[in-house]
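Here's the letter readout for the chains.
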Amino acid sequence: MTILEIMERANSRDTKLAIGFIKDAITQIQSSTDIVTKVEKQTLTKGTRDYYLPTDMISLKSISILDTEDDNKYKRIKRITSRPNVVEDTNP
Amino acid sequence: MSYQTNKSFAYYHQGKILELYRITTGIDGVIDTIGGYKVVVPSSSSTSGIAYPDETIVNGIRVEYTALVEPFVVENPESTAYTSLTEVTSPTELSHLNLNRILSLAIVDYLRAMMAEREGNLEQKEYYMRHFHKKVSKNESNKNKIYIAQSSSYAVK
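Chains as they are written, first to last, in the numbering used here: chain A, 1 to 92; chain B, 1 to 157.
These are computed hints drawn from the structure, not numbers from a lab.
On a predicted model such as this, the values are computed, not experimentally measured, just so you know.
Watch out, some of these pointers could steer you wrong.
Calculated pairs, DSBU-like style, for lysine-lysine (alpha carbon to alpha carbon, straight line, at most 30 Å) [as the list claims (entries may be wrong)]:
| hint | chain 1 | residue 1 | chain 2 | residue 2 |
| --- | --- | --- | --- | --- |
| 1 | B | Lys138 | A | Lys61 |
| 2 | A | Lys23 | B | Lys135 |
| 3 | A | Lys78 | B | Lys16 |
| 4 | A | Lys41 | B | Lys7 |
| 5 | B | Lys16 | A | Lys23 |
| 6 | A | Lys16 | B | Lys135 |
| 7 | B | Lys143 | A | Lys75 |
| 8 | A | Lys61 | B | Lys145 |
| 9 | A | Lys73 | A | Lys61 |
| 10 | A | Lys78 | B | Lys143 |
| 11 | A | Lys61 | B | Lys143 |
| 12 | A | Lys75 | B | Lys7 |
| 13 | B | Lys7 | A | Lys78 |
If you want the footprint, here are the derived chain A segments under chain B, 3+ residues with CB under 8 Å [stated by the list, open to error]:
| hint | stretch |
| --- | --- |
| 14 | 23 to 36 |
| 15 | 73 to 81 |
Yeah, the Cβ is synthetic: ideal placement off N, Cα and C, and Gly gets one too.
Let the sequences and hints guide you as you build the complete structure.
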């Protein structure tokens with residue numbers, strides 16, 4: 001369906017505003033369901049605990065770590081539910 | 001030399017930060033000889049805990065997430081293969097939405113709801129938002145059709 005067709009059905013005349021609302025709607029859909037997922041890979045560094053999540057992330061689906069002993073397969077890891085005791089490490 | 005990473009790693013998610021931990025397990029105790037056998041006598045109930053990652057793995061972390069991926073495309077996604085679609089970075093009125101028909105109709109409802117809100121008609125906004133959520137959930141439930149095959153009275157047991 002084209003943007004024009006959507007605008008005509010919704011009786012909207014402002015294209016820029018309609019495109020903005022369409023992006024909002026897709027973001028809302030992507031936050032509750034997964035129409036399409038994206039993958040980002042980062043290097044795991046020895047002794048480093050903190051890593052940044054992707055800036056364009058709407059909702060997190062899974063975190064996996066590469067298993068080099070099992071034919072380089074990424075295996076999904078579990079989430080810790082309660083916050084660990086060390087809140088900030090000043091000497092990582 | 002990462003091994004059984006699904007069991008040996010865990011994460012904690014705080015805002016934009018992902019904290020990665022290696023799960024450590026072991027027995028803390030002293031070796032004693034009982035009945036001629038050497039056994040480990042635990043000094044505490046458990047020493048399992050978490051530690052920082054103990055090795056560097058290039059591209060070792062895989063994050064799967066939802067994002068605004070190619071929302072507008074040149075071709076009609078209903079008649080073009082997904083891999084052949086070309087993304088439009090500056091969409092025009094003639095650009096296609098990279099969604100199926102039911103989700104495109106949900107977008108129409110969302111747009112109607114936003115238009116009603118701009119006009120101050122909140123009742124109508126809620127009405128269209130209900131239709132929006134209904135179509136989104138319909139799209140999801142369409143993927144989860146369950147087919148149950150029942151055995152007949154002549155089935156072999």
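Quick rundown of the hints versus the structure:
1. The straight-line distance between the Cα atoms of Lys138(B) and Lys61(A) is roughly 21 Å, inside the 30 Å bound, and the hint therefore holds.
2. Under the criterion of a C-alpha separation no larger than 30 Å, the hint pairing Lys23(A) with Lys135(B) is consistent with the structure, at around 17 Å.
3. A C-alpha spacing of about 18 Å is found between Lys78(A) and Lys16(B), which places the hinted pair at or below 30 Å, so the restraint holds.
4. Distance check on the hinted pair: Lys41(A) and Lys7(B) sit about 20 Å apart at the alpha-carbon level, within 30 Å; holds.
5. A threshold of 30 Å between alpha carbons decides the hint, and for Lys16(B) with Lys23(A) the separation of about 22 Å falls inside it, so the pair holds.
6. A threshold of 30 Å between alpha carbons decides the hint, and for Lys16(A) with Lys135(B) the separation of about 24 Å falls inside it, so the pair holds.
7. Between Lys143(B) and Lys75(A) the CA atoms are separated by roughly 25 Å; this keeps the pair inside 30 Å, and the hint holds.
8. Pair hint Lys61(A) plus Lys145(B) holds up; C-alpha atoms about 22 Å apart against a cutoff of 30 Å.
9. A threshold of 30 Å between alpha carbons decides the hint, and for Lys73(A) with Lys61(A) the separation of about 17 Å falls inside it, so the pair holds.
10. Between Lys78(A) and Lys143(B) the CA atoms are separated by roughly 26 Å; this keeps the pair inside 30 Å, and the hint holds.
11. Of the pairs offered as hints, the one joining Lys61(A) and Lys143(B) holds, with about 18 Å between alpha carbons and a cut-off of 30 Å not exceeded.
12. A threshold of 30 Å between alpha carbons decides the hint, and for Lys75(A) with Lys7(B) the separation of about 9 Å falls inside it, so the pair holds.
13. Taken as a hint, the Lys7(B) and Lys78(A) pair is honoured in the structure, with Cα atoms around 8 Å apart against an allowance of 30 Å.
14. Using a Cβ-Cβ cut-off of 8 Å, 14 residues of the stretch 23 to 36 of chain A lie near chain B, which meets the minimum of three, so the contact claim holds.
15. Judged by the Cβ-Cβ criterion of 8 Å, the stretch 73 to 81 of chain A is covered by chain B as claimed, because 7 of its residues qualify and three suffice.
Going through the hint list in order, the structure satisfies each hint without exception.
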